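On the provided structure of chain A, position chain B as indicated by the hints.
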Amino acid sequence: MGFKEALAKGEFVITAEVGPPKGTDISEMVHHVEALKGKVTALNVTDNQSAVMRISTLAVSKILLDLGVEPIYQMTCRDRNRLGLQSDLLGAAVLGIKNVLALTGDHTTLGDHKSAKPVFDLESVQLLQVIQGLNEGHDMAGNALKGKTDFFAGAIVTPEANPFEPQFAKFEKKIEAGAKFFQTQAVYDIKKFHAFMDRASKYNVPILAGILLLKSAGMARFLNKFVAGISVPDELIQELANSEKPLAKGVEIAGRQIRELRNVCAGVHIMAIGAEDKVPDILAAAGI
Amino acid sequence: MIVAEPKKIEEIKQMTDKFDRILMVGCGTCTTVCLTGGEREVNLMATALRLARKVEGQDVEIGEQTILRQCDFEYIDELKDVHNYQAIVSLACGAGIQGIARKFPEMPVLPGVNTKFIGFNEEFGYYTEQCKACGDCILHLTGGICPIARCAKGLLNGPCGGTNNGKCEIGGDKDCAWTLIYNQLERQGNLKQFKEIIAAKDFAKAGNIRSMDLRKAGD
Numbered sequence: 110m111g112f113k114e115a116l117a118k119g120e121f122v123i124t125a126e127v128g129p130p131k132g133t134d135i136s137e138m139v140h141h142v143e144a145l146k147g148k149v150t151a152l153n154v155t156d157n158q159s160a161v162m163r164i165s166t167l168a169v170s171k172i173l174l175d176l177g178v179e180p181i182y183q184m185t186c187r188d189r190n191r192l193g194l195q196s197d198l199l200g201a202a203v204l205g206i207k208n209v210l211a212l213t214g215d216h217t218t219l220g221d222h223k224s225a226k227p228v229f230d231l232e233s234v235q236l237l238q239v240i241q242g243l244n245e246g247h248d249m250a251g252n253a254l255k256g257k258t259d260f261f262a263g264a265i266v267t268p269e270a271n272p273f274e275p276q277f278a279k280f281e282k283k284i285e286a287g288a289k290f291f292q293t294q295a296v297y298d299i300k301k302f303h304a305f306m307d308r309a310s311k312y313n314v315p316i317l318a319g320i321l322l323l324k325s326a327g328m329a330r331f332l333n334k335f336v337a338g339i340s341v342p343d344e345l346i347q348e349l350a351n352s353e354k355p356l357a358k359g360v361e362i363a364g365r366q367i368r369e370l371r372n373v374c375a376g377v378h379i380m381a382i383g384a385e386d387k388v389p390d391i392l393a394a395a396g397i
Numbered sequence: 005m006i007v008a009e010p011k012k013i014e015e016i017k018q019m020t021d022k023f024d025r026i027l028m029v030g031c032g033t034c035t036t037v038c039l040t041g042g043e044r045e046v047n048l049m050a051t052a053l054r055l056a057r058k059v060e061g062q063d064v065e066i067g068e069q070t071i072l073r074q075c076d077f078e079y080i081d082e083l084k085d086v087h088n089y090q091a092i093v094s095l096a097c098g099a100g101i102q103g104i105a106r107k108f109p110e111m112p113v114l115p116g117v118n119t120k121f122i123g124f125n126e127e128f129g130y131y132t133e134q135c136k137a138c139g140d141c142i143l144h145l146t147g148g149i150c151p152i153a154r155c156a157k158g159l160l161n162g163p164c165g166g167t168n169n170g171k172c173e174i175g176g177d178k179d180c181a182w183t184l185i186y187n188q189l190e191r192q193g194n195l196k197q198f199k200e201i202i203a204a205k206d207f208a209k210a211g212n213i214r215s216m217d218l219r220k221a222g223d
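So the sequence lines, in the order shown, correspond to chains A and B.
As numbered in the working numbering, the first sequence has no gaps in its residue numbers, which increase by one up to the final residue, 397.
As numbered in the working numbering, the second sequence has no gaps in its residue numbers, which increase by one up to the final residue, 223.
Don't read these hints as lab results, they were simulated from the structure.
All values derive from a computational prediction rather than experimental measurement.
Misleading hints may appear alongside valid ones.
Here are the computed lysine-lysine pairs in the BS3-like style, where the Cα-Cα straight-line distance is at most 30 Å [stated by the list, open to error]: (1) Lys223(A) <-> Lys209(B); (2) Lys196(B) <-> Lys301(A); (3) Lys289(A) <-> Lys199(B); (4) Lys58(B) <-> Lys223(A); (5) Lys223(A) <-> Lys11(B); (6) Lys148(A) <-> Lys301(A); (7) Lys223(A) <-> Lys120(B); (8) Lys226(A) <-> Lys11(B); (9) Lys226(A) <-> Lys171(B); (10) Lys205(B) <-> Lys207(A); (11) Lys207(A) <-> Lys255(A); (12) Lys334(A) <-> Lys205(B); (13) Lys226(A) <-> Lys120(B).
Pulled out of the complex, with its shape left as it was, chain A reads as follows (with noise of 0.2 Å):
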């Protein structure tokens, strides 16, 4: 069943993502697909992750399609002016992908790459409208399309940002800009996310938590004092810095967490960061 199939029958829906190379040696990338079919109902192409020049995400998302994994095509503003971002949506229409998760993307400037001329042509509450223009069968400026896409378009939110509500009324508008699903930046703060979800729930749109693999204590010190929107509680981090086997640990606490939001939400999304082979065993610990 595909992802959206998946999500308007109510299945708890489980994602990961994949995160194209720097190079053209995908063998490591494949093996890691592999070992995720059949484990989870979609994958996320990244698109240039932080910044970071790799492989583009529409190659990538052909090459699971190939391999039988159905992609969610994430798609940043940062890279491409509203030309390039619309004809890529042309051509992943053809090619077959259906899913497209709108973003802004991280700045340049955090990236591999500072120098580049950061486009933000557009951002994602707009792109979420080109993407609804183009099921509708026209173009930006309304030029008609000879053949319309069929996407299912969907967002991210950050349940635990900082200030909280400027952040939901943002996760508003992109409702109102035809987003039809979200994925979240890593939960941690059950509590918060509860209180997120009370608020959600009236636009009965299907949001999939994010679930960050904790592989150390260190790395959960380093989130929380560089990456926006992600606080790691004290609590975790002494369960990581107590442990002998930390990554094992890491993927006990991710099962646990998939375990405390099964009831809460329509399903969650497992960034694993390199340890995509490790999703299979977050699932077994989460009882899935």
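Frame of chain A, contents of chain B only:
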């Protein structure tokens, strides 16, 4: 005003290397106010260049003049004895430098500053960018705070996921413009405005080779 920063003396020295008679021209408007290209800064830069050249045993004659504005031929005409020099270093913004270059097309006109932005004078010696001259002002929609100039990504519909305790993801303790806008609209009891989707910008209005012709206003 337009804010500029002085170029480093090494760069000035390098670009003026082959000239022995240089005219250094200050501008009495924006770059004077931002302490970069007024009479005083012309004198400082000329002195530094003379010293740098002296160290290498190369004499140089540097004339110093400052006019009220370099973006207007009316004032450029006040420059004196320009043809006694081999090159001009201008300490005006990019518009002023090009004004001088147009007036003296036979002479090399060199930039003494890097023009940075249209900014606000926060306090003595501290300026912040406020306007991108995008040609399509939306300050009425954003609580008088410009997201084109003050959000690192120029977003139009709220903060990105990188906002962190009201600060921007690019770091340097820069404020998140969309947090400021939210707070401002909340203060004004106008959060309804925040929730309105702002359409993609017409960047044709911000394009290159722009001009404005008031002579046609009567048509």
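Evaluation of the provided hints:
1. With a CA separation close to 27 Å, the supplied pair Lys223(A) and Lys209(B) stays within the 30 Å bound.
2. About 25 Å separates the Cα atoms of Lys196(B) and Lys301(A), which keeps this hinted pair within 30 Å; it holds.
3. With a C-alpha separation of about 18 Å, the suggested pair Lys289(A) and Lys199(B) falls inside the 30 Å cut-off, and the hint holds.
4. The suggested pairing of Lys58(B) with Lys223(A) is violated, with an alpha-carbon distance near 38 Å, which exceeds 30 Å.
5. Distance check on the hinted pair: Lys223(A) and Lys11(B) sit about 22 Å apart at the alpha-carbon level, within 30 Å; holds.
6. Only pairs whose Cα atoms come within 30 Å are accepted, and Lys148(A) paired with Lys301(A) is accepted, the gap being roughly 28 Å.
7. Of the supplied pair hints, the one linking Lys223(A) and Lys120(B) holds, its CA atoms being roughly 18 Å apart against a limit of 30 Å.
8. With a C-alpha separation of about 22 Å, the suggested pairing of Lys226(A) with Lys11(B) holds against the 30 Å cut-off.
9. Between the alpha carbons of Lys226(A) and Lys171(B) the distance comes to roughly 22 Å, so the proposed pair stays at or under 30 Å and holds.
10. In summary, the hint linking Lys205(B) to Lys207(A) is supported, as the alpha carbons are separated by about 27 Å, within the 30 Å threshold.
11. With a C-alpha separation of about 18 Å, the suggested pair Lys207(A) and Lys255(A) falls inside the 30 Å cut-off, and the hint holds.
12. A threshold of 30 Å between alpha carbons decides the hint, and for Lys334(A) with Lys205(B) the separation of about 34 Å lies outside it, so the pair is violated.
13. Distance restraint check for Lys226(A) and Lys120(B): the Cα-Cα separation of roughly 16 Å lies within the 30 Å cut-off, and the hinted pair is therefore satisfied.
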